[in-house]
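Enquirer: Let the hints inform the model, and build the full structure from the sequences given.
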Amino acid sequence: MPRPVRFDDPARNAAYWARITRIVDAAPPLDDSQRAAIRAAFHQPATREAA
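The number in our numbering is simply the position in the sequence shown, starting from 1, with 72 added.
Source of the hints: derived by calculation from the structure; they are not laboratory data. Computed from a predicted structure; not experimentally measured. Built from N, CA and C at the ideal position, the CB exists for glycine as well. Misleading hints may appear alongside valid ones.
What the hints assert, rightly or not - What follows is a set of in silico ranges between Cβ atoms, one per label pair, in the way DEER data are often shown: (1) 108 x 86: 31 to 39 Å; (2) 80 x 108: 33 to 41 Å; (3) 104 x 82: 38 to 46 Å; (4) 78 x 116: 23 to 31 Å; (5) 81 x 102: 30 to 38 Å; (6) 108 x 82: 32 to 40 Å; (7) 83 x 104: 35 to 43 Å; (8) 82 x 110: 26 to 34 Å; (9) 110 x 78: 33 to 41 Å.
Expert: Written out as structure tokens, the structure reads:
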């Protein structure tokens with residue numbers, strides 16, 4: 073799946089995604105409790121509607 077186009081300039085877009093890849097690669101791995109917290113945050117039922 074191709075990455076979204078963040079910038080119209082292809083060079084700037086490639087530099088942006090290269091930076092994101094470096095940041096992700098440098099991050100420590102998540103432990104199980106961190107994964108669970110993230111999973112729970114994204115799987116909450118939509119109880120509130122926009123006002």
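Enquirer: A separate judgement is required for each hint: does it hold in the structure or not?
Expert: Results of checking the hints against the structure:
| no. | hint | verdict |
| --- | --- | --- |
| 1 | 108 x 86: 31 to 39 Å | 34 Å, holds |
| 2 | 80 x 108: 33 to 41 Å | 39 Å, holds |
| 3 | 104 x 82: 38 to 46 Å | 39 Å, holds |
| 4 | 78 x 116: 23 to 31 Å | 28 Å, holds |
| 5 | 81 x 102: 30 to 38 Å | 33 Å, holds |
| 6 | 108 x 82: 32 to 40 Å | 39 Å, holds |
| 7 | 83 x 104: 35 to 43 Å | 40 Å, holds |
| 8 | 82 x 110: 26 to 34 Å | 32 Å, holds |
| 9 | 110 x 78: 33 to 41 Å | 23 Å, violated |
When the structure is compared with the earlier hints, a violation turns up for hint 9 alone.
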